[in-house]
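A.B. asks: Here is how the chains run, residue by residue.
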Amino acid sequence: MISQEGASNVSRPRGNGPPLLKATALMKYYQIRRGGWLVRKKADLKAVDGVSFSVNKGETFGIVGESGCGKSTIARLVLNIDTPTSGSVMFKDRQITGLPPGEWRKLRRRMQYVFQDPLGALDPRMKILDQVSEPLLIHNIGDISEHNDKTAEILRSMDLKDHTFYRYPFDLSGGQRQRVVLARALVLNPELLVCDEPVSALDVSIQAQVINLLAELTKRMRLTMIFISHDLSIVRHVCERVAVMYLGKIVELAQGELLFDRPAHPYTQALLSAIPIPEPGLKRKRTFLKGDPPSPIDLPPGCRFHTRCHLAKQVCKERIPELKPLKDGRMVACHIAHGEA
Amino acid sequence: MNANHLGPLLKSQREPQLQLSDLTVDFDTPSGWVRCLYGVDMEVYPGEILGLVGESGSGKSVTCMAVMQLLGPRALIRGSVRYRKQDLLSLDEKGLTQMRGREIAMIFQDPMSSLNPVHTIGRQVIESITHNTGTPVLNPTDTIGDQVEEAVVEQLGLTGQVARKEARRLLTRVGIPDPKQRLKEYPHQMSGGMSQRAMIAMALAGRPRLLIADEPTTALDVTIQAQILELIRSLRKEMGMSIILITHDLAVVAETCDRMAVMYCGRIAEKGPVKNIFADPRHPYTRGLLASLPRIDRRTDKLHPMRGSVPAPHEMPQGCAFEPRCSVALEECRLNQPSLAIGTDGHSIACFNPQRGGLQH
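Chains as they are written, first to last, in our numbering: chain A, 1 to 341; chain B, 1 to 361.
Think of the hints as simulated: they come from the structure by calculation, not from any bench. Idealized CB from N, CA, C, for every residue including glycine. Treat the hints with care, since some could be wrong.
Stated by the list, open to error - Short, incomplete list of chain A residues facing chain B, as computed with Cβ under 10 Å: (1) G142; (2) H237; (3) P276; (4) F288.
Throw the hints in and build the complete structure from the sequences for me.
C.D. replies: Written as structure tokens, this is what we have:
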């Protein structure tokens, strides 16, 4: 269903050696019950349906899409919070799907997760310093005094003042909380950081602070980051390569500049043209999408986007388009873009 | 996109439809009185879309809730709210009921929690229609015999049949396909975008002259946001409504509104025609907001965030509330509160040291 040859094609623009993370034909179906309460019918909700991508060392990889497209599910699959229905994830040439829990515990040090809502991610009854040093305790790294030194150092590097160390999460502002969450993720010196909507809950002026901090940290610590967001303006600013998802599938995967300046998939085009630009009176051509995305339980046949696509032809209703490279190296899953219609 | 067909000059000669003067709101909290609005002056002209921008806690929602008087008994509202020569703050409960929905309607951020989950969309839209057209609330699911129904027609002017027809018309107008079926459905059967359309249909039922939309697209996906904003723009054109659009998204303001007011900590920092403010932002806060925005249509190397964060309501500085975060603050800013100075073209700024020239972008 997915051309894996092509996937490694685009994802190796720099560095040598294997990618840090490689997902192959990942699928996650959730079984749900529907229908009346007397006769229960079972159905599959296809949250992620055959997704392959790879992330290179030191790169910031963006996953974008609207709510329900499966972007957070991918994060959960990569970090083994959920087990995939099928498919595999490789971390540094090692298969990590289906590893025993003990192995995972060792791996988790190297892969960390930052959630959207910082208040929900922090323990309300624990002081900031203790929260951030807890991962060191769990993974048995150094002794207590080392913990405190290391924690204080990382908190300071997040622009948090010393007096906040002994406070509780509710004493802090939203931006400070998200920096605490980041500190806690980074205190273990991970190789991969997965950020799921890290700034969506923050105000505009605070968003910029956290984004700049993230950019600086990834550079300084040579972090590899998977950045999941619905805000494409931020993704454009942060990410080097971007995957656009629609209903559980990647529809386009390309270098950021290429994707944002010359989107190839009609969904990417519509998505980009729907985003407002802070410049009054700007004339631009816009494609409005009709209607809502179909339900991931009753997926349309053929291309999942054909029900809202203004270019859709007969073939789009019949055949599922493959994600394969165009001449310029990007990957697109669209019959029209590939000239097959 | 920005239908500024009336022009700012023409507008300033016209009478504002809604005028807030020195609007102050205090809340009675367990730890004493907390002030949320500090003398807000704002006006809405007929047929315009006014964007009310600010970060969370800046007082944009409180301003509009004060207009509708939905703040509850713990709020003390002072100043004046004049709507078409009528002082809304002096209205009694009956007067307010007359005003709400028929003159000024409001829609909220989260359509899912604004709709009642145990009633059908139809029932809720019809309730809004009967309420706002002077008919006492009938239970539209009641089967009324023909004779009774006729009597109702004579006495009240609107029957279940007519109300149902009107409901279908409204749903069609806001772009809900298959309205007949949709009227029978419950809110959980509709998507977020459809629910927000239903909310807009309910707000339109009373044919209001002013619509207050409080972050109407924040909970929605961006492709749905584009649809809803387009709907709001077309409704303004068609029905000649004026609209207050509350949002935190400056890009939405740039594409949708004619005039805008930027709020910070319960005060208006800058207001004026959208074109003027984006072309020549004067208040350091407005400039800071614009400089911290990444854009979809171009590559930005570095964002320029403002330092610090919004002070809590009980920790307001003595002088300008923005002074601790301001990079061009003067001694005076620390001591005194700048007042909103009305400039040319209606571009007003509350700042002792307004800036000029391009942004760092």
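A.B. asks: Next, verify each hint and record whether it holds.
C.D. replies: Going through the hints against the structure:
1. G142: 33 Å, violated
2. H237: 4 Å, holds
3. P276: 4 Å, holds
4. F288: Because about 6 Å separates F288 of chain A from the closest Cβ in chain B, which is inside the 10 Å limit, the hint holds.
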